[in-house]
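Participant: Keeping their order, the protein sequence lines are chains L, U, B and A.
So in my numbering, spot 78 of the first sequence is number 81, and the numbers just go up one at a time.
So in my numbering, spot 344 of the second sequence is number 347, and the numbers just go up one at a time.
So in my numbering, spot 300 of the third sequence is number 303, and the numbers just go up one at a time.
So in my numbering, spot 27 of the fourth sequence is number 30, and the numbers just go up one at a time.
Hint data in this document are derived by calculation from the structure and do not stem from the laboratory.
Take these hints with a grain of salt, some might be off.
For chains that are exact copies, the list does not tell them apart, and a pair is met inside one copy or across any two.
With a Cα cut of at most 27 Å, we get these calculated DSS-like pairs of lysine-lysine [claimed, not checked]:
1) LYS146 x LYS363
2) LYS146 x LYS65
3) LYS263 x LYS312
4) LYS263 x LYS65
5) LYS146 x LYS329
Computed from a predicted model, the values in this text were never measured in an experiment.
There are 4 protein chains.
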Amino acid sequence: MSGSSFGTLYRVSTFGESHCAGVGAIVDGCPPNLELSEADIQTQLTRRRPGQSKVNTPRDEKDQVRILSGVENGRTLGTPIGLFVANEDHRPKDYGEMSQIPRPSHADFTYQQKYGVRASSGGGRSSARETIGRVAAGAIAEKWLSETHGIEIVSWVSACGELELTDVNPDTISRADVDQNIIRCPHPILAEEMIQLVTTLREEGDSVGGVLTCVVRNCPAGWGEPVFDKLEAKLAQAMMSIPATKGFEIGSGFAAARMKGSAHNDAFVMKAGRLGTTTNYSGGIQGGISNGEPILFRLAIKPPATISKAQSTSTFEGDPAVLEAKGRHDPFVVNRAVPIVETMAALVLMDMALIQNSRK
Amino acid sequence: MSGSSFGTLYRVSTFGESHCAGVGAIVDGCPPNLELSEADIQTQLTRRRPGQSKVNTPRDEKDQVRILSGVENGRTLGTPIGLFVANEDHRPKDYGEMSQIPRPSHADFTYQQKYGVRASSGGGRSSARETIGRVAAGAIAEKWLSETHGIEIVSWVSACGELELTDVNPDTISRADVDQNIIRCPHPILAEEMIQLVTTLREEGDSVGGVLTCVVRNCPAGWGEPVFDKLEAKLAQAMMSIPATKGFEIGSGFAAARMKGSAHNDAFVMKAGRLGTTTNYSGGIQGGISNGEPILFRLAIKPPATISKAQSTSTFEGDPAVLEAKGRHDPFVVNRAVPIVETMAALVLMDMALIQNSRK
Amino acid sequence: MSGSSFGTLYRVSTFGESHCAGVGAIVDGCPPNLELSEADIQTQLTRRRPGQSKVNTPRDEKDQVRILSGVENGRTLGTPIGLFVANEDHRPKDYGEMSQIPRPSHADFTYQQKYGVRASSGGGRSSARETIGRVAAGAIAEKWLSETHGIEIVSWVSACGELELTDVNPDTISRADVDQNIIRCPHPILAEEMIQLVTTLREEGDSVGGVLTCVVRNCPAGWGEPVFDKLEAKLAQAMMSIPATKGFEIGSGFAAARMKGSAHNDAFVMKAGRLGTTTNYSGGIQGGISNGEPILFRLAIKPPATISKAQSTSTFEGDPAVLEAKGRHDPFVVNRAVPIVETMAALVLMDMALIQNSRK
Amino acid sequence: MSGSSFGTLYRVSTFGESHCAGVGAIVDGCPPNLELSEADIQTQLTRRRPGQSKVNTPRDEKDQVRILSGVENGRTLGTPIGLFVANEDHRPKDYGEMSQIPRPSHADFTYQQKYGVRASSGGGRSSARETIGRVAAGAIAEKWLSETHGIEIVSWVSACGELELTDVNPDTISRADVDQNIIRCPHPILAEEMIQLVTTLREEGDSVGGVLTCVVRNCPAGWGEPVFDKLEAKLAQAMMSIPATKGFEIGSGFAAARMKGSAHNDAFVMKAGRLGTTTNYSGGIQGGISNGEPILFRLAIKPPATISKAQSTSTFEGDPAVLEAKGRHDPFVVNRAVPIVETMAALVLMDMALIQNSRK
């Protein structure tokens with residue numbers, strides 16, 4: 004339990020730096036007899052891939068997943084599922100001067116402080132490439148949640164810099180809506196403006212942050228474990244563990260701070276045979292347990308730290324230095340985070356589902 | 004691991020409903036030979052107590068902690084520390100009609116859905132009284148962190164409804180500053196306005212939310228476990244597990260979404276013999292690991308759900324009903340959350356410290 | 004996770020030294036709606052109690068358990084169950100010279116080495132009194148296992164020194180059979196011989212070891228988690244965690260080492276509608292998973308280390324010393340271990356049952 | 004935590020069936036800056052390999068380990084170490100009639116009962132091939148224990164059927180002594196008799212069990228976590244999780260049951276500057292914590308269940324059937340278990356070492 008595992012019953016352990024043999028995960032606790040093929044997992048891995056469009060870095064990493072174990076004749080055996088994606092180029096790259104200068108707001112300095120050593124290139128475990136293992140594991144969870152409970156998880160880009168999308172119907176939005184454009188903002192006009200902004204920043208050698216919103220539909224009431232493993236608490240951990248995340252909100256979020264109780268309380272009402280609520284400021288969770296309404300949350304993503312613009316900073320020894328990142332870099336990564344957010348949500352929900360199942 | 008335990012090496016397990024014999028915690032993994040008395044723990048419990056002022060509920064729960072085990076001759080033995088606070092009145096109270104009507108935005112409905120039963124009164128484990136166990140356990144962690152590393156943790160009310168405090172110096176603010184007034188906002192004039200607002204809302208039978216800010220000073224670089232147990236991820240889980248929390252931000256938080264990388268990156272600079280940063284948008288954490296700068300985070304707290312104002316809602320069976328909470332209720336709880344936030348931060352940090360220690 | 008917790012879903016955390024306020028446990032993960040009273044737990048605690056007969060120490064510790072939380076109106080709430088037994092005399096006793104001389108084959112020396120401090124008296128957490136928390140928690144598990152699956156767990160003394168009982172029918176032996184005599188050997192004549200042996204040893208100021216056998220009946224096939232949490236592996240951990248245990252055997256045990264495969268293999272055969280085995284050398288477990296046959300295991304218990312006979316040993320500083328334990332001490336503890344073994348088995352089985360449930 | 008992970012701080016998660024792409028493990032929590040190459044791991048994997056001699060099955064599985072991640076420039080990074088061994092033939096084999104007839108004393112029946120599905124061939128996770136992941140992970144632990152504490156772990160075959168070796172000096176025996184002959188019994192004459200016995204049994208299509216003894220030298224005092232994670236308890240779990248193990252003894256083991264306290268107690272005495280004991284019936288552990296003396300334990304291994312001799316048994320449906328295993332099978336596996344026992348012991352010790360380190 005030194006940080007690379009997540010979950011109690013549906014337990015994922017990931018491995019892999021950006022320039023070793025590859026990255027992957029072991030999933031322990033997947034129920035048996037789930038139909039599963041590599042294609043089921045590949046869809047989200049491909050959505051996560053860089054180089055998909057002009058707003059992202061043009062590197063083309065194939066990221067083909069291979070199931071190493073745990074599946075036979077197209078069905079899970081109940082045993083650990085090994086998942087592996089080879090690194091195309093696994094020679095440690097020459098990051099040149101960067102080895103002397105810790106990149107500002109990167110993890111070079113903190114890994115060195117923590118371990119007394121760090122991967123010579125590419126960020127090691129702090130690289131975005133690390134997320135491949137989680138996405139693969141979460142894609143399996145998504146399939147199980149969908150088949151057993153009809154659960155749908157959809158995330159989209161709701162802000163890029165100052166450009167913000169607020170009027171989305173969480174009851175109907177689909178992944179197809181989100182994937183209509185390369186920036187994954189389900190509003191064609193705003194999406195175009197966002198693409199324009201990102202293109203401009205790329206030319207300036209700069210980057211920008213953004214916001215992701217996510218909805219989980221059809222989650223039954225009763226999932227989430229009080230006290231420390233409240234559903235929103237585990238979602239918060241999951242989301243804040245995604246690289247570059249700076250904030251998390253459930254339901255009303257920070258807006259709740261300015262509201263009165265009489266306005267914020269979600270009154271109960273009968274809805275198609277189950278007790279629902281008239282409003283959903285709770286974001287689908289009360290007392291740490293799902294209430295049957297859509298689960299709604301948001302994440303803030305900071306601007307990518309790697310920029311081509313010159314930065315005045317220091318070497319590891321404290322000598323003043325100027326850093327200019329070579330090559331092309333993502334000026335915006337929020338759109339690529341969409342499948343990461345969805346699959347991390349799936350990891351949390353599936354674990355909670357199995358724990359709740361155990362009481363039956 | 005059904006939700007009431009937290010931590011790997013410094014592991015806290017809490018127990019107790021609001022109307023059983025009492026509430027408390029077991030702390031497993033506290034290092035031996037730490038000087039410890041009940042007084043060390045009582046300070047934060049007393050700060051957490053309701054009934055301290057006119058802005059909070061006037062119930063007077065004494066909340067005297069008793070150390071049941073793990074300490075002899077004023078020093079910890081390295082064995083589990085049992086902590087217990089008796090409930091003054093542990094007869095299940097008559098909550099009358101509330102047993103038929105799930106309180107809006109409370110956990111009555113979700114506990115019933117999850118367990119098929121719920122504590123007949125007072126919210127059971129979803130009650131604020133549950134936090135006593137964590138605060139007691141966290142107070143021990145605070146003492147260890149202070150004695151071994153000089154770590155200081157200070158939280159304060161930075162917003163009450165629309166009233167917001169932004170100019171606080173995180174390098175110098177102290178608990179004495181915070182406790183100068185009953186609302187725990189370290190700005191006398193703003194504090195007075197907040198008290199006025201809360202008093203008015205009490206008269207109206209309504210409530211209001213707010214924001215807490217917290218700083219951790221003197222945390223050494225190197226704490227936090229990649230990938231899933233990043234320091235900000237565990238802090239997020241810890242804070243989002245506090246009842247009524249709706250949002251969490253580290254460093255720049257949601258503001259990061261609107262920033263450019265060239266503005267957001269924290270450049271490195273030599274500071275009194277260690278490599279520090281010129282700005283702190285990272286909030287003291289990079290790549291999930293502390294970097295030696297102050298750790299800064301914020302939480303949004305929703306308005307208390309229990310209000311005297313009449314609310315139109317439904318019974319468990321779905322019949323329309325009107326609910327009016329009897330008695331006096333807290334219109335504002337953010338000030339009482341101050342010691343909870345500080346001690347939860349201590350629980351996270353101490354666990355991370357011990358894990359990092361193990362590598363030495 | 005520093006040693007005082009056990010289980011994943013049915014998770015027990017114990018606390019308490021022999022001379023602090025008391026001992027107890029928190030049980031997290033007990034399913035809701037189980038009928039439960041203190042009387043349900045007391046039976047096994049009373050069977051565990053010292054001072055029950057002339058073969059054990061005549062101290063009379065009342066050991067009345069109190070349920071602190073998690074139960075309302077006679078039913079479990081699904082929340083943590085706090086369990087507490089006060090120590091009658093919780094002033095650290097004067098163990099005199101023992102504080103300078105580590106008791107041979109006791110834990111005085113190792114606790115001091117591990118923690119740099121130790122409870123001043125009575126063995127602290129290494130005392131038999133520590134087992135109260137487990138027995139209380141396990142008694143709840145026994146009730147759940149019995150009510151949900153009809154599971155019966157019976158343990159007995161099968162050896163006292165050289166006196167050995169081999170012909171017991173594991174299909175029919177009951178706790179009533181075992182409790183017919185004070186030494187808990189379900190064979191009246193042999194029991195009498197054992198009592199005679201123990202009485203003689205008491206007079207000599209010496210002690211003797213023994214063997215416990217245990218059977219679990221009606222355990223369904225399918226419990227136990229490969230690979231590391233095989234059912235026999237978790238039983239072994241559970242049993243070897245009981246103070247004074249030196250060995251564990253499942254099914255054929257060490258006798259298997261001398262057998263041929265053709266003799267040891269348990270052939271399958273239809274039994275009342277389910278596939279069973281003609282023999283049970285496997286002890287009810289194959290590949291780490293229960294097969295529906297009775298689970299059979301044995302434990303070796305060493306002679307109590309505290310004896311009145313003078314022992315030549317050393318002080319902590321290494322100076323030669325002679326130790327003579329004052330007071331009266333148990334010359335035989337295997338009979339008192341009966342309820343500990345049964346309840347520890349219940350802790351393992353219930354956890355495995357809940358994990359297996361989660362897959363349904 | 005569904006069974007395929009082991010350890011708290013040095014945490015191993017294994018994966019792989021006998022006929023999928025391969026088997027392996029992820030090690031999370033290995034300290035950084037340990038020199039490590041594939042050769043360091045290969046030695047124990049090669050000792051574990053079948054087909055090494057006439058007493059074992061002649062299949063030649065190369066079992067070359069590949070480090071997938073966590074190591075750069077010959078040193079560990081502190082990040083998860085991925086370990087992989089490809090299966091030479093990963094097409095599910097034709098096990099013919101065995102798919103209808105559960106093999107007696109194998110796990111075919113219990114896996115089917117547990118999961119409702121099972122690997123179509125070769126035993127899946129219950130196959131001996133599963134142990135590759137543990138051995139690889141444990142070999143790294145052995146290296147760390149050796150380099151940081153000079154710890155030596157040596158296991159040997161001390162019984163094969165009725166043939167038993169008792170006079171081994173645990174203070175001096177080495178792996179070189181053990182590997183002098185193919186049956187790994189460090190007594191040339193007895194070894195020859197054992198080889199003769201196994202050869203005869205092979206001709207008869209039968210098999211035989213045996214006993215392994217293991218010593219750990221130079222383990223410092225203070226390792227092991229009371230109460231449930233006592234050092235002997237975790238060793239017991241580790242050893243009983245090895246396929247085919249039926250019994251575990253620490254120190255005096257079952258012999259303790261027949262001893263008097265006055266004979267069994269290990270008196271303290273000064274030894275080269277540290278407090279040691281004159282005898283070692285405790286097996287190096289008191290109160291669950293190492294005392295600095297050699298740790299000594301034994302395991303009973305049952306005769307291999309797969310034999311060529313015809314066996315009368317039943318099909319899954321309960322119809323009488325006769326099973327004759329085709330091909331050549333190991334009549335004795337205790338010698339191959341030697342590196343498994345050593346590396347499992349290393350997994351336990353390293354985890355305990357890191358936990359104890361965290362207190363410093």
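Participant: Which constraints among the numbered hints does this structure fail? Numbers only, ascending.
Facilitator: 4, 5
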